[in-house]
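Colleague: Residue strings, one per chain:
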Amino acid sequence: MQLTKVFALAAASAIFCGPIFSQATAPAASVTKTLSTRIVAYQIDAKLDPAKHTIAASETLTYKNLTGQPQQTFPFHLYLNAFQPQSTFMTEVRRSGTRGNGPGTDWDPKHFGSITIDKLEVAGAGDLTSKMQFVQPDDKNADDHTVVQITLPKPIAPGASVEFHIAFHDVLPKVVERTGYAHDFDMVGQWFPKVGVWWKNAWNCHQFHANTEFFADFGTFDVKITVPQNEIVGAGGDLVSSATNSDGSKTLTYHSEDVHDFSWTASPSFTLVEDSWTGSQGPVKISLLMSPGHESSTQRYITAAKGSLRLFDEWYGPYPYDRLTMVDPPHGGADAGGMEYPTLITLGTAVHMPKGMLEPEIVTEHEFGHQYWYGMVATNEFEEAWLDEGINSYTEVKVMDALYGKSTSVLNFPFAQMGESGLQQIGYLSDPDKDPISRFAWQFYNSNSYGGITYSKTASMLLTLEKVIGEDTLRQALHTYFMRYRFTHPTGEDFLKTIEEVSGKDLRWYFNQAVYGTQVLDYSIGDAHSDPLKWWDTPAHGAKKNDKDEIYRTYVTVVRKGDFQFPVDLDVKFDDGSTATEHWDGQDRWIRYHYDRKARIASAQIDAHNQITMDRDYFNNSFIEDTNPRAAHKLRNIWVFASEWLSQLLAWLT
Amino acid sequence: MAETNRGTFFSGAGLVWKWQRLVWWLFFVCLIFGFFSTHEMTERASSLLNNSVAAERLVKGFDVSAFITLQQLPDSPLEIQQHSIAHFSLVFAVFMLFATGGILAAYVLGEKPTTTAFFEAAGHHFWRFFRLLIYLVVVLLPIAGLAAASNAMYTHIQDQSISPYPGDHFAEAAVVIILLLLIIVRVWFDMAQVIAVADDEKKMHRALRRAFTLFRRNFFSLIWLYLRVSIIAWLLFALGLHIWMYHLHPQSVVAAFLLSQLMILTWIGTRLWQRASEAIWYRNYQANQVPSPAWSPTPEPMYMPVAAEPQP
Chain A
151 MQLTKVFALA
161 AASAIFCGPI
171 FSQATAPAAS
181 VTKTLSTRIV
191 AYQIDAKLDP
201 AKHTIAASET
211 LTYKNLTGQP
221 QQTFPFHLYL
231 NAFQPQSTFM
241 TEVRRSGTRG
251 NGPGTDWDPK
261 HFGSITIDKL
271 EVAGAGDLTS
281 KMQFVQPDDK
291 NADDHTVVQI
301 TLPKPIAPGA
311 SVEFHIAFHD
321 VLPKVVERTG
331 YAHDFDMVGQ
341 WFPKVGVWWK
351 NAWNCHQFHA
361 NTEFFADFGT
371 FDVKITVPQN
381 EIVGAGGDLV
391 SSATNSDGSK
401 TLTYHSEDVH
411 DFSWTASPSF
421 TLVEDSWTGS
431 QGPVKISLLM
441 SPGHESSTQR
451 YITAAKGSLR
461 LFDEWYGPYP
471 YDRLTMVDPP
481 HGGADAGGME
491 YPTLITLGTA
501 VHMPKGMLEP
511 EIVTEHEFGH
521 QYWYGMVATN
531 EFEEAWLDEG
541 INSYTEVKVM
551 DALYGKSTSV
561 LNFPFAQMGE
571 SGLQQIGYLS
581 DPDKDPISRF
591 AWQFYNSNSY
601 GGITYSKTAS
611 MLLTLEKVIG
621 EDTLRQALHT
631 YFMRYRFTHP
641 TGEDFLKTIE
651 EVSGKDLRWY
661 FNQAVYGTQV
671 LDYSIGDAHS
681 DPLKWWDTPA
691 HGAKKNDKDE
701 IYRTYVTVVR
711 KGDFQFPVDL
721 DVKFDDGSTA
731 TEHWDGQDRW
741 IRYHYDRKAR
751 IASAQIDAHN
761 QITMDRDYFN
771 NSFIEDTNPR
781 AAHKLRNIWV
791 FASEWLSQLL
801 AWLT
Chain B
307 MAETNRGTFF
317 SGAGLVWKWQ
327 RLVWWLFFVC
337 LIFGFFSTHE
347 MTERASSLLN
357 NSVAAERLVK
367 GFDVSAFITL
377 QQLPDSPLEI
387 QQHSIAHFSL
397 VFAVFMLFAT
407 GGILAAYVLG
417 EKPTTTAFFE
427 AAGHHFWRFF
437 RLLIYLVVVL
447 LPIAGLAAAS
457 NAMYTHIQDQ
467 SISPYPGDHF
477 AEAAVVIILL
487 LLIIVRVWFD
497 MAQVIAVADD
507 EKKMHRALRR
517 AFTLFRRNFF
527 SLIWLYLRVS
537 IIAWLLFALG
547 LHIWMYHLHP
557 QSVVAAFLLS
567 QLMILTWIGT
577 RLWQRASEAI
587 WYRNYQANQV
597 PSPAWSPTPE
607 PMYMPVAAEP
617 QP
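Residue numbers (my numbering), protein chains in the order written: chain A, 151 to 804; chain B, 307 to 618.
Careful, some of the hints might be misleading.
Simulated restraints, written as ranges between beta carbons of each label pair [said to hold, decoys possible]:
1) ALA392(B) - ASP776(A): 34 to 40 Å
2) GLY432(A) - GLN466(B): 43 to 49 Å
3) TRP323(B) - PRO779(A): 31 to 37 Å
4) ALA477(B) - TYR595(A): 35 to 41 Å
5) SER527(B) - ILE382(A): 53 to 59 Å
It is worth saying that the hints were derived from the structure and are not from the lab. Positions of the beta carbon are idealized from the N, C-alpha and C atoms, including for glycine.
Sequences and hints are given; from them, build the entire structure.
Modeller: Structure (structure tokens):
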């Protein structure tokens, strides 16, 4: 997008939505009734040193004990300590890889990050800094300092509150795992001591792992950010005030409520683009922070965001916040991209991103979707990552297909196409049977299995479920699930039971295999052919007979090659235009159908509408009597050309 | 020189056209190798796709996810391809090393490339060119080093600049320079091959030295000769690719095959165009050399003995 257009957009939004940095009105809901049960209230005062990429901060956390029992011990996440060579995170990255880094990844000192608590005081109990103790609930790795625990001198009674005063400082890593710096860009995520969640009658505060994300309680955030004047800041909160300090810096104050995290970003190189969208809950201000060189993706981000806002609002439930901040990381900062925080998402594009490659749109849609599946329906990303990433991947398919076309929502070139369901399918099939969906995120075989199962298998599982209960019913189930569990911490069973309740069907047989099992689904046409009924009385055997009078017996055998049992429909077509349809419960290893007609088989096909996206091999789902070699020839053309071209390149050396 | 160069440029094309059987021959060998390298894949793909409705996803358009799914199948028809293609490409390169002697003999000597003459020349020069190949690898090493250094520099620039453009521009410039260097090396070694054939030079280091001297003295004319053909080759290739990707109907399998083969054919043709042009250039160069007169001692002044004064 040209700069003039950026200014035009900013001017238009200033006219219609008020000044760019005006104090945003608080959500209407906060005036009447809070959206969430507010357990935490964070007040943080942070100062960024953009040259050193460090943050000095003080935090006051007021924790309301709604656990129903006295609490004396409180665990805190110190996520930034994961970026150290001895950490559990790095140990797992080295062993099994993580997003963007394969197994065997070497330690790069530039990726060092840390969070250090300089002082911890508890109101009424004094300085408890010396009482802090690093704990490792998951793997007993004593060198992992991502969880610290503090035990108070006396317990906090149920219903009472406790106030923690924490002075801490951060060293940001060069961007890794969603956070850090690149050039003059700072993405500040998971940056403050964050208390664990009392869940299922225990503290839930896992260490930071290679494949895990986050889990926290809802509440309010009042955050002051002090940065040099030239820094352009975006944050997951409403800008309350902006003040210039005597040293030439500025302090921006943000407020956010009914969220469970707060992140922010700063860079003097950002270009701010503002827009707005009005949904069922009123206007939403869209702030897009663009990095240099990515201007051509600006409108693509905005269009995708508005389309996603509209469809989520229509299909799943209202977007209750008045803002959405979108951050486009600069080149070299891609590891900070594709991440979600409450009301702030990070995106991803490239300088010369072709229009037919819909990566900017997909990232925008996906991260926005997390405002629902993670942001509001705040599931435990450590233990049930599929509930945010998986459901979100499913809704990504639905939204992207609706906005950009079913077969062109990923790639849309004249010479190559790909749709979202195909993308999820190949993600799942890359490693389909090592882990069940329901596994804890850090216990997957490796990062590939984690990604393929958590994201893509869940999406494929839900797409396949549409065949059983219908697309509209599943959409209604997701709507019910969202409305019922928003601003809470539901479990996987809550989700599955909601689907069963809305569909009115017992789906345990399916969930046991698809969610809790590792079975692979693969049905195929084992055999399909026609034979004269009186085969001994044919011209081949000396009989003289009109071919039109011949009665053929047609056999079609459907085979269950995988161990996943699923009902399938079989469509058989004959060469006289007649058809037959069968429904098989898919329980046995195979089933054979036969038909006696004055016609021979033309084709047999299971899953004719491509609804069973969990099917490992859909090429064997059908049989056509008339051989069509075009696909094989097309592939051969490509490979012959590639072979010849490589030959010519090598021959150039001679 | 420019006039001469233009003549060489077109004469080279004419020579390739005149003895186009060489182009066709190389093309068919390349095509046969291409078919061999993909034969097993085609067989396996045929058994999977020929009677499958899902194959339509690859015919009506090209569904990349279907293509990747094929690769992910336990009995994927595509998994064997990379090795097979690499092996056959290597064999073709060896074949080209062999054939180059015959091709150059035809171009340098200007005689009709009969089968016997072709293979005799090919066999005659094979080991010489093999030795040249070793020299070439040695010469390419510094260029590989330069490429690695450029890559490191690119990373450094990308790390330093918030804008992606400086790094990208540097990379583009580095690619142009490295390609130019590769062309320079190729011209030099091609000239050494021409000298080896034209003068039946047995010592390849001597051929290289002579080629280097010749190239240095006629640097711009020879580079321009090659560069023009290279630009034409790349433009034709890009045009073919563009038509294939953007204009051909996805179901036009036969048309796609013909187009792809036309691209390979023109690629081979333009490469031989370079070889023919250089051969003609060398022939002309030799012809234009005014033979230096044989050394002869400056006749010493003849001092005729003064005739004795006749005695009175």
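Colleague: Each of the hints needs a verdict: does it hold here or not?
Modeller: Against the structure, the hints come out as follows:
1. For ALA392(B) and ASP776(A), the hinted distance range of 34 to 40 Å is satisfied, since their beta carbons lie about 36 Å from each other.
2. At about 44 Å, the CB distance of GLY432(A) to GLN466(B) agrees with the hint of 43 to 49 Å.
3. A beta carbon spacing of about 36 Å between TRP323(B) and PRO779(A) agrees with the range 31 to 37 Å that was offered as a hint.
4. Judged by the Cβ atoms, the range 35 to 41 Å given for ALA477(B) and TYR595(A) holds: they are separated by roughly 37 Å.
5. The beta-carbon spacing between SER527(B) and ILE382(A), approximately 56 Å, falls within the hinted interval of 53 to 59 Å.
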